[in-house]
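> Knowing the structure of chain A, use the given hints to seat chain B on it.
Here is what each chain is made of, one letter per residue.
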Amino acid sequence: AQSVTQLGSHVSVSEGALVLLRCNYSSSVPPYLFWYVQYPNQGLQLLLKYTSAATLVKGINGFEAEFKKSETSFHLTKPSAHMSDAAEYFCAVSKSGGSYIPTFGRGTSLIVHP
Amino acid sequence: GAGVSQSPRYKVAKRGQDVALRCDPISGHVSLFWYQQALGQGPEFLTYFQNEAQLDKSGLPSDRFFAERPEGSVSTLKIQRTQQEDSAVYLCASRRDQETQYFGPGTRLLVL
Chain A
1 AQSVTQLGSH
11 VSVSEGALVL
21 LRCNYSSSVP
31 PYLFWYVQYP
41 NQGLQLLLKY
51 TSAATLVKGI
61 NGFEAEFKKS
71 ETSFHLTKPS
81 AHMSDAAEYF
91 CAVSKSGGSY
101 IPTFGRGTSL
111 IVHP
Chain B
1 GAGVSQSPRY
11 KVAKRGQDVA
21 LRCDPISGHV
31 SLFWYQQALG
41 QGPEFLTYFQ
51 NEAQLDKSGL
61 PSDRFFAERP
71 EGSVSTLKIQ
81 RTQQEDSAVY
91 LCASRRDQET
101 QYFGPGTRLL
111 VL
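Residue numbers (this note's numbering), protein chains in the order written: chain A, 1 to 114; chain B, 1 to 112.
Be aware that one or more of the hints could be misleading.
Some chain A residues flagged as far from chain B (calculated, every beta-carbon gap over 10 Å) [claimed, not checked]:
1) A1
2) L7
3) S9
4) V11
5) S14
6) G16
7) V19
8) L20
9) S26
10) N41
11) G43
12) N61
13) S80
14) S84
15) D85
16) A86
Cross-link-like lysine-lysine pairs, in silico, DSBU-like; alpha carbons within 35 Å at most [as the list claims (entries may be wrong)]:
17) K57/B to K95/A
18) K69/A to K95/A
19) K58/A to K68/A
20) K57/B to K11/B
21) K68/A to K95/A
22) K69/A to K58/A
23) K95/A to K58/A
24) K78/B to K57/B
25) K58/A to K57/B
26) K78/B to K69/A
27) K95/A to K14/B
28) K68/A to K14/B
29) K78/B to K14/B
Rather than coming from a laboratory, the hints here were simulated on the basis of the structure. We put the CB at the ideal spot given by N, CA and C, even for glycine.
In isolation and in its complexed conformation, chain A is listed as follows:
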């Protein structure tokens, strides 16, 4: 079975500060890992994905994430937060085989203060 744990349901940062959203996964086989962002009353939008290529993955809007197998982590970072980054962020894992159906974490709400 596969699962994802997102540490912290809410993360609050000041504009311009570092953003760090934590995600730990569990998977019996090499995983595919994803970060999605959801703005209010909208669907999920893919930020970035890891599919067994480079362990440091760069995504849209200045976000990046690093796959660390030894720590079973895939934390999302951005050097400098912008007010427009305020949203809900979801980490997801799927097995690199079978139907590739992702399992989502419970989400982390990013709050950006001026």
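Same frame as chain A, now just chain B:
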């Protein structure tokens, strides 16, 4: 090109009423997924189609939930005899390959 679209965007139903939620995937996307997202939670998998074949329906919470995709394109999620616990956002996603899902805006269902 056009993304995944869902209709209606909002639905209010009386308890016991049947509802039908529609998903139009991105053209050419073989795979289609339905998720249920409760307030403050992540999406929970309901069911998955590859073309017209429903390959996995293990996430459907009860036999009141039924999904179809008869021509391998548009899909409908039907909920019979709605209950208050069915209130949630229902998300549809489509996928061309084995990696990236593209999500629609969701249908927000409120059962009174």
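> Against this structure, judge whether each hint is valid.
Hint check results:
1. A1: holds (12 Å)
2. L7: holds (14 Å)
3. S9: violated (8 Å)
4. V11: holds (15 Å)
5. S14: Given that every Cβ of chain B is farther than 10 Å from that of S14/A, nearest at about 24 Å, it holds.
6. G16: For G16/A, whose nearest Cβ neighbour in chain B is about 28 Å away, the distance exceeds 10 Å, so it holds.
7. V19: holds (19 Å)
8. L20: L20/A is indeed farther than 10 Å from all Cβ atoms of chain B, at 19 Å.
9. S26: The claim holds: S26/A sits with its nearest Cβ about 15 Å from chain B, beyond 10 Å.
10. N41: violated (7 Å)
11. G43: violated (4 Å)
12. N61: Consistent with the label, N61/A stays out of reach of chain B, its closest Cβ about 16 Å off (over 10 Å).
13. S80: holds (26 Å)
14. S84: holds (19 Å)
15. D85: Answer for D85/A: holds, closest chain B Cβ roughly 19 Å.
16. A86: holds (16 Å)
17. K57/B to K95/A: Holds - the C-alpha atoms of K95/A and K57/B are around 18 Å apart, at most 35 Å.
18. K69/A to K95/A: holds (14 Å)
19. K58/A to K68/A: holds (15 Å)
20. K57/B to K11/B: holds (23 Å)
21. K68/A to K95/A: Roughly 16 Å between the alpha carbons, so the hint for K68/A and K95/A holds.
22. K69/A to K58/A: holds (17 Å)
23. K95/A to K58/A: holds (21 Å)
24. K78/B to K57/B: holds (13 Å)
25. K58/A to K57/B: holds (34 Å)
26. K78/B to K69/A: violated (41 Å)
27. K95/A to K14/B: Violated: K95/A and K14/B sit about 39 Å apart, past 35 Å.
28. K68/A to K14/B: violated (48 Å)
29. K78/B to K14/B: Within the cut-off at roughly 15 Å; holds.
Hint compliance for this structure: hints 3, 10, 11, 26, 27 and 28 are broken, all remaining hints hold.
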